[in-house]
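Trainee: The primary structure of each chain is shown beneath.
Protein chains: 2
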Amino acid sequence: MEAAQTDDVLYAGELEIRPGDGLVLAAGRALTLSVREFGLLVALVRRAGRIVSRGELYTLVWGSELRDGDRSIDVYVHKLRAKLEAALPAWAFIHTHVGFGYRFAPEPSHVFHNSTTPR
Amino acid sequence: MEAAQTDDVLYAGELEIRPGDGLVLAAGRALTLSVREFGLLVALVRRAGRIVSRGELYTLVWGSELRDGDRSIDVYVHKLRAKLEAALPAWAFIHTHVGFGYRFAPEPSHVFHNSTTPR
DNA sequence: CGCAGACGTTCACAGGTCCTTCACAAGGGG
DNA sequence: CCCCTTGTGAAGGACCTGTGAACGTCTGCG
Numbered sequence: 001m002e003a004a005q006t007d008d009v010l011y012a013g014e015l016e017i018r019p020g021d022g023l024v025l026a027a028g029r030a031l032t033l034s035v036r037e038f039g040l041l042v043a044l045v046r047r048a049g050r051i052v053s054r055g056e057l058y059t060l061v062w063g064s065e066l067r068d069g070d071r072s073i074d075v076y077v078h079k080l081r082a083k084l085e086a087a088l089p090a091w092a093f094i095h096t097h098v099g100f101g102y103r104f105a106p107e108p109s110h111v112f113h114n115s116t117t118p119r
Numbered sequence: 120m121e122a123a124q125t126d127d128v129l130y131a132g133e134l135e136i137r138p139g140d141g142l143v144l145a146a147g148r149a150l151t152l153s154v155r156e157f158g159l160l161v162a163l164v165r166r167a168g169r170i171v172s173r174g175e176l177y178t179l180v181w182g183s184e185l186r187d188g189d190r191s192i193d194v195y196v197h198k199l200r201a202k203l204e205a206a207l208p209a210w211a212f213i214h215t216h217v218g219f220g221y222r223f224a225p226e227p228s229h230v231f232h233n234s235t236t237p238r
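Those protein sequence lines, which keep their order, are chains A and B.
The first sequence runs contiguously to residue 119 in the working numbering.
The second sequence runs contiguously to residue 238 in the working numbering.
Just so you know, the hints here were simulated from the structure itself, not pulled from any lab data.
Heads up, a few of these hints could be off.
Said to hold, decoys possible - One side only, chain B facing chain A, incomplete, derived with CB under 10 Å:
id: 1; residue: R137
id: 2; residue: G139
id: 3; residue: D140
id: 4; residue: G141
id: 5; residue: L142
id: 6; residue: L144
id: 7; residue: R148
id: 8; residue: A149
id: 9; residue: T151
id: 10; residue: L152
id: 11; residue: S153
id: 12; residue: V154
id: 13; residue: F157
Since this is a predicted model, take the numbers as computed values, not measurements.
By construction, the Cβ of each residue, glycine as well, lies at the ideal position given by its N, Cα and C atoms.
Using the sequences and the hints given, assemble the complete structure.
Mentor: This is the structure we're talking about:
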């Protein structure tokens with residue numbers, strides 16, 4: 001089960017996640033995530049560095065089989081990305097592998113820092 | 120079947136391949152491969168050092184018989200080479216054996232080191 | 001009871017990526 | 001040289017993912 005370990009703390013870059021408390025800190029500041037968003041994040045972080053299929057994510061977080069045509073995963077990945085980016089714009093955490101699934105890994109986002117705009 | 124073993128990890132030079140996860144690491148960094156590209160790479164690496172015919176590759180990855188005139192293999196070998204070279208310019212992995220097929224083996228590429236062009 | 005806000009699910013459309021097929025260039029032998 | 005094989009870039013349609021919004025549910029509260 002996913003919620004088994006309740007005491008551990010997960011770290012990923014500037015993120016600190018306490019599955020037992022339902023708490024996520026981004027650079028020390030608490031994020032406000034819904035139950036689904038939080039479950040999805042925990043599932044991804046616990047498998048950081050590996051590609052996780054939609055089906056596996058759905059089973060882990062929703063607790064049942066992903067039905068054909070269900071886009072819930074996509075929608076929640078989107079919501080999670082939005083909140084993570086709002087908190088830590090310099091980092092990209094959730095990477096899409098078309099045809100395979102999603103991979104969690106803190107990587108610098110390809111954002112240009114305004115100052116000296118190269119030609 | 121090709122995807123049978125799901126737990127093993129293949130190594131080839133700076134490459135690390137996890138067939139079960141659909142993941143390839145080049146010098147530790149994740150590559151983004153399509154399903155076909157990934158399947159082709161796995162098929163080649165599993166037969167590293169040997170020459171594999173187009174027909175065999177097609178059967179392994181596409182799951183059907185290679186039709187006469189089909190150039191898919193060539194095209195995907197090209198795409199794979201491009202991504203591998205982008206990630207590891209110093210190495211050549213896929214070698215052509217005209218009339219026979221392709222052979223996978225990490226060999227130093229004939230790239231000239233920095234600026235000062237020899238001669 | 002009636003309402004407002006947060007959530008989760010489902011849609012519809014937009015945007016991207018992937019796979020196949022062509023056409024032409026380049027290579028390799030005979 | 002000529003012919004067959006392989007390399008390469010591009011075009012088109014199929015398929016996959018991103019995204020904003022509509023809906024229905026549930027909950028706390030006046």
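Trainee: Hint by hint, say whether it matches the structure.
Mentor: How the hints compare with the structure:
no.	hint	result
1	R137	holds, 8 Å
2	G139	holds, 9 Å
3	D140	holds, 5 Å
4	G141	holds, 4 Å
5	L142	holds, 5 Å
6	L144	holds, 9 Å
7	R148	holds, 9 Å
8	A149	holds, 7 Å
9	T151	holds, 7 Å
10	L152	holds, 8 Å
11	S153	holds, 6 Å
12	V154	holds, 4 Å
13	F157	holds, 8 Å
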